[in-house]
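Trainee: Sequence:
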Amino acid sequence: MPDPASTATERAAAALARRRRARLLHPAGRTFSAEVMIWGTPGPPTGVPLFDRPRRWRGTVRLSKGVATPGSWPDVLGLGVRLHRDPEPPVDLLMSSSAAPPVLRRLPLPRRRFTGTYSSILPFRAGRCRLLVAALADPDSPELGRSLAEVSSAAGPDAPRLVLAVASTVGPWRPFGQVCLDGRRGAREDAALAFDPIGNLPAGLRAEGLLAWLRDTTYRGSRRARGASAQSGGSLGVTV
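Residues 1075 to 1314 in our numbering are what the sequence shown spells out, letter by letter.
Hints in this document: simulated from the structure, not taken from any laboratory. All residues carry an ideal CB built from backbone N, CA and C; glycine is no exception. One thing to keep in mind: the hints can contain errors.
Derived DEER-like restraints, expressed as beta-carbon distance ranges [as the list claims (entries may be wrong)]:
| id | residue 1 | residue 2 | range |
| --- | --- | --- | --- |
| 1 | Pro1116 | Pro1175 | 17 to 25 angstroms |
| 2 | Trp1113 | Pro1078 | 23 to 31 angstroms |
| 3 | Arg1092 | Glu1282 | 28 to 36 angstroms |
| 4 | Pro1119 | Pro1182 | 22 to 30 angstroms |
| 5 | Trp1287 | Pro1119 | 27 to 35 angstroms |
| 6 | Gly1245 | Leu1090 | 33 to 41 angstroms |
| 7 | Pro1163 | Ala1089 | 26 to 34 angstroms |
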C-alpha cells in the first residue's frame, strides 16, 4: 500500500503536469531512433550485466530542455535512452547536463550546447559499489547543436554519437558503449514516450535514498496526468 507522502507527492505532480498540459519535467524535446552498442566495461566488472556484456540493442533517444527556455538560451538539458528488449520490459537511462570532474558530476548544470557530458546525477547501488552513469561527447561525432531546432536536423547520414560510461562517485569514467542516432521521430511519438528512471533500471542496478524516491513519485505523477505507463512509447512500430 502506498504511503501517504508518496500518494500526496504523486498527486501534486499529476496536478502540475495537467496544468501545464505537458510533461512535468523536460516538457520540450526531440525523439530519435537509435542503435546502442555495448562493448563491455573495461577493468573490473560492475556487476550490472547490461554494462559488462557486449551486445547490440535498438533504442529510442530523447534530447530535451528542462524548463524549455527559448532557442539556445541556457537550460538543464536532458538525455533519455531507452533500450528495447522485447518481450522483456525496456531499460531506461536518464541523464542531465553536468560536468565530467568528480566534484561536478552530481550537479545538474545549465548549458547552451547539447553536445557535452550528461550524468545520471543520482548515484546507483551495484552490489557494494555506488555508480554514476553518463553519456559523454564523442570528439569525432558531429555536433548536436544549440537549440532543439538544430537537434532536429542533426540525425542524418553522418549520425551523431554519444559514449556511454560508468564511474564511481570519485573515479574516472569507464566507457562501456555507444549510442548512435539514426532517425528523427515525429511529435506524436515524442508526446507518447514516457520514461521510468527508477522502475526501468537494468538488473543489478538499484536506486536508493530521498532523491530516488522523489524522482520515482514525480515521474509517476507526470505519467498519470498524461495517461501513460512506464513502457509507453518508443516502440519499433508506430506509437499511438
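Trainee: Against the earlier hints, flag every one the structure doesn't satisfy and list their numbers going up.
Mentor: The structure conflicts with hint 2 only, although it agrees with all the remaining ones.
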